[in-house]
Structure formats: structure tokens, C-alpha cells
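In the order they appear, the protein sequences are chains A and B.
Each residue of the first sequence is one higher than the one before, starting from 1 at the first, in the numbering used here.
Each residue of the second sequence is one higher than the one before, starting from 1 at the first, in the numbering used here.
Hints may contain errors.
What the hints assert, rightly or not - Straight line, CA to CA, 27 Å or less: simulated BS3-like cross-link-like pairs of lysine-lysine:
(1) K125(B) x K240(B)
(2) K125(A) x K3(A)
(3) K79(B) x K152(B)
(4) K314(A) x K314(B)
(5) K3(A) x K79(A)
(6) K314(B) x K240(A)
Since the hints were made in silico from the structure, they are not lab data.
Protein chains: 2
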Amino acid sequence: MAKITFVDVTLRDGNHTYRHQFTPEIVHATAAALDTAGVDIIEVGHGDGLGGSCLHVGRGPSTDRQLLEAACSAVKRAKVGILLLPGFGLFADLEMAAEVGVSVARIATHCTEADVTEQHLRRAKDLGMFTVGYLISAGMASPEQLAEQAQKLESYGADYVNLAESQGHLVPGEVAARIRAVRQAVKIPIGFHPHNNLGLAIGNILAAVDEGATFIDGSLKGFGGGAGNAQTEVAIAALKRAGHEVEADLFGIMDAADIFAQQVAPQPMPVIDNDSLLMGYANVYGGYIHPVRHAAETYRCDPRALVLRLGERKVVAAQEDVVIEEAQKLSCTSTN
Amino acid sequence: MAKITFVDVTLRDGNHTYRHQFTPEIVHATAAALDTAGVDIIEVGHGDGLGGSCLHVGRGPSTDRQLLEAACSAVKRAKVGILLLPGFGLFADLEMAAEVGVSVARIATHCTEADVTEQHLRRAKDLGMFTVGYLISAGMASPEQLAEQAQKLESYGADYVNLAESQGHLVPGEVAARIRAVRQAVKIPIGFHPHNNLGLAIGNILAAVDEGATFIDGSLKGFGGGAGNAQTEVAIAALKRAGHEVEADLFGIMDAADIFAQQVAPQPMPVIDNDSLLMGYANVYGGYIHPVRHAAETYRCDPRALVLRLGERKVVAAQEDVVIEEAQKLSCTSTN
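With these hints in hand, go ahead and build the complete structure from the sequences.
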């Protein structure tokens, strides 16, 4: 039975569900409730992390600083954290975060590109922060590849390595194999961030913890990209039921879920619709849904067949040209 | 890797979500889509099975016969099934079902009361039906108890035994232990019917199949009692991803989910709210939520504490007097 550090990402990943429109008021009320419930780390910001607010991925109504100040002023015991994708986020953003009281920095990149996190991990460390190497789309890499990337993150001084299964593609056995490979490769702790596209967010958390993961991500009401994250209040209940130790109180976290839902009403909870299900099945990043729809319409092909093709091509973010290429091919096939 | 027989219960368990108001039109359209998709067995009727339509649990707009005729006239290859709880359902109901073309009869009772299914199982068998012994609230019995009950069902001629984890309380390891115990006790196949109160419907299905379950229940869009069932389209995708063989086609079942959703629009999909989460955590049957709310208000006690007490008391259906007794006790405690 493991002792779990729970990382709630409602106020960061959940911002995707809310089209990045979280306000300082929403952040303050929710962070206070999470803190009262006993959650260990509260991640806050734009869905794409520090510096993410831009026209391309969605502009928020507030600055990163305003959101982080709202969170830091709301907590008594929890740590406030940020996510930073090098490129979106800069050193200056990290410095601002440290200045307002953020003490956890998760530096994120595609699962095979750990190299690009080195400078930011070291800078965050210099600023006195608890630092995390965060591997996006971890279901696109083999256990061996992830083990190698984790070793790099450890060598850059990361305090733990987080596997983010952004597409919700893996089944429990596949998650277990990845956690095991990383555990055998590094001495630092391991975290896991699931998505629910195949309805396995909670099942995969339990499999990850059974293999030694001790940092677990979730979000209230499951708010998050695609089919959403593991629902924090459900994950905490399931972890407790499975005999694991979680600091957060069950009634407290249920209260936090209610408070958050009231703040964002009438926004409904994420569900698994056919789009997110198919993206998870095919292991295609959720952001591709709009380019897929557009290309399928333009080239009159089956969008579902197109998603499967993209999965076979193992597209990563920002390869929208492949969508058009495959749509054209499918279009030819269907008219022949 | 297993070959799975998929049993879709949208048109029976999903009727709970729709307050038992399914019409022959909804049944016909949905059954046709499920049949086209390649689902093996389609269960149809009132949420509480044959004879369930009554003022106490909810009266439907159509007779059992009308719903079953709608389903039987819609299918070309799938079998149509019914659920029958002895007491609600009578021999005459079974005979009517057989007459209109129903070929699968699942005879259900509380997980420790297999005895009460014998007569109905034998009658269904005499009528030439494929018969199933169905153990409700299987998370309230130990693996050993379930093994013993399964042996009884086998001796009554059941073609398979179905463990229905009605409260969504179990974690995958607990499901595996129960399937294993039953597998070691009987020669007939084993089925599993999860609920999603702890977000583990799909994770528990994969655990059950890994231990040898070969009949799996689910419902389109997750419609079903409490936090809902395993979402059929998601379960089929996850089973395929895990390498198992399922006859149903993924795109076909996604189409069926859409067709069903259109039929019942604007009814939203079930989600895991705090009520269903707590009932699952405490292992208390979903039907208790209304008596709990009423008693908590009357006796001014915390409804959540009351649910936990009911879980400790291991209440089964129709013990509403215990709700009042425990509410009174909690009320005294809190005023002292």
C-alpha cells in the first residue's frame, strides 16, 4: 500500500474544458477548497501552461500572474504549481511564478524530447522550486524509451518524473509496463497523469500505483483536455478503497468538487463522446479533432478513417499537414 | 486473449436513467443499430426487468410485450434477452417473452440468494431459452460465497453465471478475486456487469476478462442505474485495444451510441456525481439515495455519514427501516 501525493490539475488542465476562461475568482475559490480538503499540490494556469495564453491555443481573460496570485493567496498548506512547456513559457515566467509564491514547476515536453527541458528544470531548481520532468503523450513511447528519457530528467535534477498519458490510449497492463521500466531506470519518484478517453483513467491510476507511482494527477469533475482527466474526487475515493494512503479527506474533496462546479456552472462535466473515444483508441492528440473535421469535409473522406490513419502515422502536435495529406489519400481511395 | 460475448443492457438497465419511459420506438431504433453493429445479446425491458413496471419503482408507458416485440422485430442476428427478478416477474411473463421471440433469460437475485432463481431458470430452460443466473450486488459477497452461489446456479441448469457489481464498489483486484473463485467452482462461463460509481467500470471489465470472464455487459452512453454502466462503445474499444476479440464493429457501435442518444435527447449521459460516488464507496445500493435524503432531513443528520453507516450495516434492497434507525442514532450523536 502506497502513500500518494495528490496533484490536482483542475485549475490548469481543466482550463481546456473551460476554453481557458478561468478567472482569479474561480481560481481562488477552487484553490481554497482544494487546500481545505488536503490536496498536496494545486496546479494553476492556462491549459497549455505558463505563457500559453495566445490566439493560437486560446487567450484567457487574466494574466498568468493574476491566476497564480489568486491561488497562492488562497492556500494555507498546499503547494501551488505551474506547468511550463519550453517555447510557450520563458525563464521570465518561471521567475514571476517563484516571486508570487509558486513552489512546484513541472516542465513538460513530448515524451521523446526530454532534452528540451534541461535549461528550465535547472532554472526552476535555482529558484528553489520542487521540479518535475513531465513527459507528454507517454503512450506514444515504449517502456524502454520512457526509461531513457526519465534518466535524462533525473540527470537534469528533476525531483520526480511524470508520465502524462495525454491521449487516454493505454490499458492498465501497458501503463504498468511503462511505470515498471521507469522505476527500474531511475531513483526519483514517478508520477502518472491519465486521461479518460477509454474510460480507464481510474483503472490506470490503480495500475500505476501498484507498480510504484506515488504522485497522481486528477481534476475535479474530470475537467481536462479530450475526454477529461481522472476525476479527482473519484480517484481519491478509489485510491482509499484500494488501501492506499491519500492525505486529502473524501468529504472535503467532494465539497471542493461542488464548489468548483458552482463556480463554472452551467459548464457540464466532460464525458466520453465518440470523438474523444476514437482519438483515444487511435492514440491521436485531442487537438487534432478540429483539423480532422475540416480536412474530412474539404476532401470528403470519413473523419473516423482519417483519425485511424493519423494514429498509424503516429502524428505528434503541430503536424497538421499530415492531416491534409492523409485526407487526400483517403479521398482518392473512396472515389476510385 | 479472450473471445467476448457482448451483452448490451442499454434498453433495460438504461431505462433507469430514463425513468423507465422507453417507448417501442426508442427500443426499435436502438435495437436495430445494436444489431447492425454486431452486438451479441440485447437486453430489453423495464429497469427492474419483466413485471417491473409498477408504481413503486416506476411505471413505464408501454407493456413488456410491446417493448420486446419492438426489439424482436428490429434484429436480424442478435439475440434479444430479458432480466427477471422472481417476485417482480412471473412464469407468465417468461412465457410471453418466449412467445414474442426472446431467447435469453437472465434470472436475477441478491448475490447470496441463488435458491430463489431455481424455478424460473428451469422454466426458462423448458421454454428453450439460453438461461443465465444473475447475482445482484456481487460486491457484497466474498469470493467464497459467490463460488457457492454459482455452483447452485450451475446445478439449476444456468448456461452461465453473471456477477453484477451493482454498486460499483469493487476495485480491479477484488473483481479478479471473485471471478477467479467462481471460475474454480463451476464449469459454465462467467459474465460480469459493472457500474461506474468509482470510475472503474472499464478497468474492472478488463480485470474480469483477464481472469476468465467471457460475457460482458455494457450500455450505450453508459445509461444505467447509479453512475451508470460501462459505456458499451468504450468497453468495446478498450477490449479491442487490450487484444480481445469482440464481434461488434467499433464504428458501428459508435453509430449505435449516436442513434440512441438522438432517440433519448436531451437526456444527458450519466456522470459520477457526489451521490453516486459515495454510494459506490460505501457499497450501498443506489435506490437508497432518496430514503437517505429524506431521513437526513427529517432527523437533521449528515446524509454522507448516514450512507457510510448503511454501508457498514451492509443493507440490501428493501431495508429502508434501517435508514431511519441509523439517521436517528446519528441525530442523537450530533446533538449531544
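Comparing the hints with the structure gives:
no.	hint	in the structure
1	K125(B) x K240(B)	violated, 32 Å
2	K125(A) x K3(A)	holds, 25 Å
3	K79(B) x K152(B)	holds, 25 Å
4	K314(A) x K314(B)	violated, 49 Å
5	K3(A) x K79(A)	holds, 17 Å
6	K314(B) x K240(A)	holds, 19 Å
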